[in-house]
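Guided by the hints, dock chain R onto chain A, whose structure is given.
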Amino acid sequence: MKNILAIICAAFMFTSCEKASDGTGTANAGTSVGKGGSLARFTIVGDYLYAVDNSTLNVYDIHDPTTTRIVNSVVLRFGVETIYPYKDKLFIGSRDGMYIYSIATPSSPSLLGEARHTRSCDPVVANDSVAFVSLMGNQRCGPAEDGIYTYNIKNVLTPVQIHLNQIPTPNGIGLQDSILYVCQKTNGMSIYNVNDPAAPVLRNKVTGKTFEDVICYDNILICYISTGLALYDVSVPSSPVELSLVNN
Amino acid sequence: MRYFLALIFFLQLCACFWGTKPHPGEYIAGKVWGWRPVYAHQSTYSELTVSNTARPVEKAGKIYVFGNKIFQNEIGKGIHVIDNSNPSTAHRIAFWGLPGNTEFSIKGNYLYANNYKDLVVIDLTNNTSPQIIKRIRNSFIADDQQNPYPWQAPDESGYFNCPVSYPDSIVVKWERDSVSTNSCYRP
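Residue numbers (my numbering), protein chains in the order written: chain A, 1 to 248; chain R, 1 to 187.
Note that these hints are calculated values from the structure, not bench results. Any given hint might turn out to be false.
[To be verified] DSS-like mimics (lysine-lysine), calculated; alpha carbons at most 27 Å apart, straight line: (1) R/Lys134 - R/Lys173; (2) A/Lys205 - R/Lys59; (3) A/Lys185 - R/Lys59; (4) A/Lys185 - R/Lys77.
For reference, chain A alone in the conformation it holds in the complex:
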């Protein structure tokens, strides 16, 4: 019963780019969880903190923060770069593939499916049916061809690649409904309509900054840029309007 409740809670908390549940957002609500970018290696779902440590996924019980303790350590393949929670799943990006873990039993993540790829760095975002994996090949990460790899995950046990969008230096990505924001470092930020995930349509591009990662939050796009932060109003999702710069 507890597990089912946890799944339901997770489902409500972690839909992609949902409206922020805590509205005015005072840090008083004892159970609300914040939101990280696609490059994150820590994430909290329910009473558990999941932290990747290169080749292991450490699970900490945080139901009482003062007695935080490690409850599990799951060995992953290697070179884990990112962790992205969605409903009762964790999408783990490593240098050799994307791994989908079930956290239906929150303290015991179990491997459901995987999609191996040529070695690279790879942040992941996902919804119920599609996962977008951003692969950037370089000296450190590996030789993979730069691009956004799209997988059909309706059957999470066997993700199937349905598209490859070859664009230079994709890094962090953010998904809001049918819009995919792709940070491309010095190549700017591209905005795709992914209503048909197998045929993304470039709708807009923001240039002039070095974009690393992005969080969609209410109608605001919070961008991690090389010099700090840039905030955009995305009431019209494909047409960001710059609100402020918080940089050096």
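Quick look at chain R alone, frame taken from chain A:
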């Protein structure tokens, strides 16, 4: 343990004097311009230093949003706190110095972060004086040569003196030095 280390040290010292001269044609490790680790005792980096004034961004890191605040990592140094109650005038209001920090996540009034290898839990109930309330030592220790932690290898490629793992100290920075080509190497 102490005596054991002392013995090792003594033997190494002896080796300096007793080492034999290489024979002609024998391989001799060269010296190259590389990196040497600088260690610090955990007592010097385990504190959270709170400054309720903005600090300029030097090396911007990962971002996290919680309520009307945005948090941005200053790579290896700590966390910038940004007031986002009005996104048109978002601005930095505080800096929480946490050496070695690169990752964090928040639930309720608690922030979970790495302080070098340790996981720390920070109580934000009084948001102008956050406190570390829990520490789990040596939580991040995986050794991945392709993507090492900053205390395992320097940022740049090249030769570096292999860091030694001490129970109560860690590599806090890397300095330029002449090192042997027999030492560690980062491609």
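For each hint, the structure was consulted:
1. R/Lys134 - R/Lys173: holds, 25 Å
2. A/Lys205 - R/Lys59: Holds - the C-alpha atoms of R/Lys59 and A/Lys205 are around 25 Å apart, at most 27 Å.
3. A/Lys185 - R/Lys59: Holds. A/Lys185 to R/Lys59 sits at ~15 Å (cutoff 27 Å).
4. A/Lys185 - R/Lys77: holds, 22 Å
Hint compliance for this structure: no hint is broken.
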